[in-house]
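Asks: Quick note, the sequences are listed as chains F and E, same order. With numbering that gives the first Met the number 0 as the guide, the letters of the first sequence map in order to residues 0 to 596. With numbering that gives the first Met the number 0 as the guide, the letters of the second sequence map in order to residues 0 to 290.
The reader is advised that the hints may include incorrect statements.
Once the Cα atoms are required to be at most 16 Å apart in a straight line, the calculated EDC-like pairs of lysine to aspartate or glutamate come out as [as the list claims (entries may be wrong)]: (1) K347(F) to E404(F); (2) K538(F) to E340(F); (3) K317(F) to E125(F); (4) K262(E) to E125(F); (5) K129(F) to E155(E); (6) K585(F) to D565(F).
Honestly, the hints are just simulated from the structure, not real lab data.
The primary structure of each chain is shown beneath.
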Amino acid sequence: MAELIKHNQIYRWVFLLAVGVIPVIGVNPFWVQILTSLGIYSILAISIDLLVGYTGQVSLGHSGFYAVGAYTSGILTAQLGLPFFVTLAGGILTGMIFGAILAFPAVRLKGFYLAMLTLSFAMIIENVLKNATPLTGGISGLTNIPAAVFQNLSLFGITLGPVLFYYLVWVLVLASAWATGNLVNSYWGRAFLAVEGAEVAAASLGIDVIRHKYAAFIISAGMAALAGVLYAHMVGYLSPEAFGFHTSALVLSMALVGGMQTTAGPIIGAAIFTLLPQYLYIFNEHQEMVYGLILLLSYTLMPKGLLGVFKKRQPLIKKVKQSFSNQALGMWAAREMHYGEQSRLKVKGLDKSFGGNMALCKVSLDINPGEIHALIGPNGSGKTTLINVISGVYKPDGGAVTFGENVISGLAPHKVAQLGIERTFQNLEIYPELTVLENVLLGAQTRFKTGLFANLLNLPSSREEEARQIRLAQVILTKLGLNEMQDHSTGGLPYGTQKMVELARAMMARPKVLLLDEPAAGLNAHEISHLESVLNDLKNEGITVLIIEHHLDFVLRLANRVTVLDFGSKIFEGSPALARRDPRVKEVYIGGDAVTA
Amino acid sequence: MLLQLILLGMAIGGVYAMVGLGYNATYWTLGIVNFAQGEFLMIVVMLTLGLTAWFQIPTVLSLVFALVIGALLSVILERVAINPLMKHPSSIGWIVATLGAGIMLQSGAATIWGTSEMAFPPIFSVRRAIHIGETVLSLQLVLIFLITILVIVLFELFMNKTLFGKAIKATALDREAARMMGIPAKRIITFSVILSAVLAGLAGVLVAPVVSAGPYMGSVLAIKGFATAVLGGMGSSRGTFAAGMIIGVSEMLTSGYLSPAIKDVTSLLILFFILLVMPHGIFGKKVLEKV
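Please model the complete structure; the sequences and the hints are all you need to start from.
Replies: Pasting the structure below:
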């Protein structure tokens, strides 16, 4: 089956041809209407996929945005007589405004809190539709909306009958699918997945988690509102019943069954749920029961949807043609590999306690630019806490961290990363589902400069930027000996290789300071010597590194300077040679054998 | 008028608190809430009505049977949908799955009983009213309130005094540690799911004479119960009870002084703002993400 679906292009053309000719070959008006609603549901399902599939924000309230779009356009045309193209834009805009309002609490919530919030949003909207009778027509509904069925809907002077309206809807479906596809196949989409996978790790890569969630929420709301506008002018009559909870559940089912995180999935799902009731009596008679059953079992039986059963996951990377000169790319990458001006990282009198437990006590550190500074000490001595405070994951209780001219303590993690302080994690924070190349490209998040619209429209500037970063990623991967596996999914690789991928990702940011939290933990002797040569290269290139490590031999060979922590306090700072001899250091590392070896 | 509204609000709020406690029960053991909670509430109410009508048995007896059936259904839900997804507790899988179960229950009820609303017989055949000064209060409501208090007190005693209750609380603190201490996590989880459904069912039967019964009665009550649990702080029993009173009373006051139409919106807006301002509620704890 996977072989069959390889011919993606062919499927795409067959699909477009079918969409194009169906009304021409004379299907009856009933079917034109069914296929038009299929288009409308497709837009809704795509909007759900963007939000739920890519950013992992569950929405049970899309019927609310759908209603906002429909009623805005309906009221503006029926009561104010505004032209359709104005109300189309107005409907989308209003939907986006509502999206922004709901997103305000929503982006800070997760899981069932978020699901309940969106559900209650849709219920508030439904309640307003029922009760604001002068505006919405209340329970009896809103009538007199110009519509395709009444032949009184016109766009720029052209009367849109059912067939022309069908074409309008499908042009918009394809445009939505195309633009959404462009967006997710760019650094935006990778950032969405990073946010969905692990927020702390995403923030440490310089991704503004809240901003990305906002963007997805607002775009998704706008698309749902677009679907609402189209619905209003397909049927010409709006009643609150069409915008109840079952609509949200139906659309969610469509995206789930078709397959989230794909372009075709939502459309396939919409087709199944729109067309099957026409053929299957049981589906039609017990619709709700069938939806319920599908929702109940779909996640257990096929979490990736139908498309996920037949098709391998495609990495979210722009398809870049060879038109960008290979040589120019190579030169650019070589230039980029030079780490720029390094700044001084200073930690002064840092305090941090967790519920009365002092994790850090008046710790001061001064890390010289271009040096490797080792941070050692027994387990629980506060090393990782220090890195967490520097990288912004924790706020210190006292003291300050400065970087060059800036005070960075108290900044959000993504702000710290954007200043050029990159970190790796003790417990490995890579994205196992993503390919090695995707993971490494995530390191360059702060380097992408093209905006949202350039990527929605896949402009040449955004493609060139992607080509450059891919080339740089390949240079780094080659350096680390990982170039062979750039298309492997990262989770399937050996642990040591995954740690190397994490290091490659941090290097991809071309940081000013690299914070490494036990990079050698879990590596075998061979891998450790490989790591040592990589870090030595970095040192020669002049990068500043703060490294936590338990393999003392390894780290003392590498470091220019050593700081030793014990119970949250600094007990030693000096050269590696002095550290080997210092009695206090020997004492915390019982016996001191490892140190003298 | 004011006193009457407040007392009415407290009675209704007690019911919301019961639904909220039901959410807490699964939140403690599983870290999740059941999105079919409202439908479990509804199905117990409808079954109580149905069994009484079909077999001509007393309401109290059919209530017991209905609760047993509700409990069985909740165990099936746990086995089919919640358990298989526990490997990825953060995934949206269980939200979707429990939602699906709710839709199935609702549509099943609509097939059996039709979609129109029905009157639910008062559990106590008392028509008397209590007069406090000029305030007239139906004895029915007072009894509902007293029973709600009784159920909540029994629930609290159970949670804090019995081994089973303590095991649930221990599981809530640390699932892994609880398992290693020999607490049978699976059985505790199943039990919490049953407890959750039974609380919802009891709440439904108490409130049904006031709001009238029907397949769609659950969704609004479910979200109000959730608003109660969140306002009180997810996982806090005392908080849930206090929040129930707050939501019930403010709902009745807006209904009485502004408009009955916006009664339902009140609790939704409270939920919206509480999630905006302090998602951990009045008595809840903030959780710190560890890396």
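Asks: Give a verdict on every hint.
Replies: Hint check results:
Under the criterion of a C-alpha separation no larger than 16 Å, the hint pairing K347(F) with E404(F) is consistent with the structure, at around 14 Å. Distance hint between K538(F) and E340(F) is fulfilled; the C-alpha atoms sit about 14 Å from each other, no more than 16 Å. Distance restraint check for K317(F) and E125(F): the Cα-Cα separation of roughly 40 Å exceeds the 16 Å cut-off, and the hinted pair is therefore not satisfied. For the suggested pair K262(E) and E125(F), the alpha carbons sit about 14 Å apart, so the restraint of at most 16 Å is met.
Proposed proximity of K129(F) and E155(E) is contradicted: the alpha carbons are some 40 Å apart, above 16 Å. Among the hinted pairs, K585(F) with D565(F) is consistent with the structure: their alpha-carbon atoms are about 12 Å apart, no more than 16 Å.
In this structure, the earlier hints numbered 3, 5 are contradicted, and the remaining ones agree with it.
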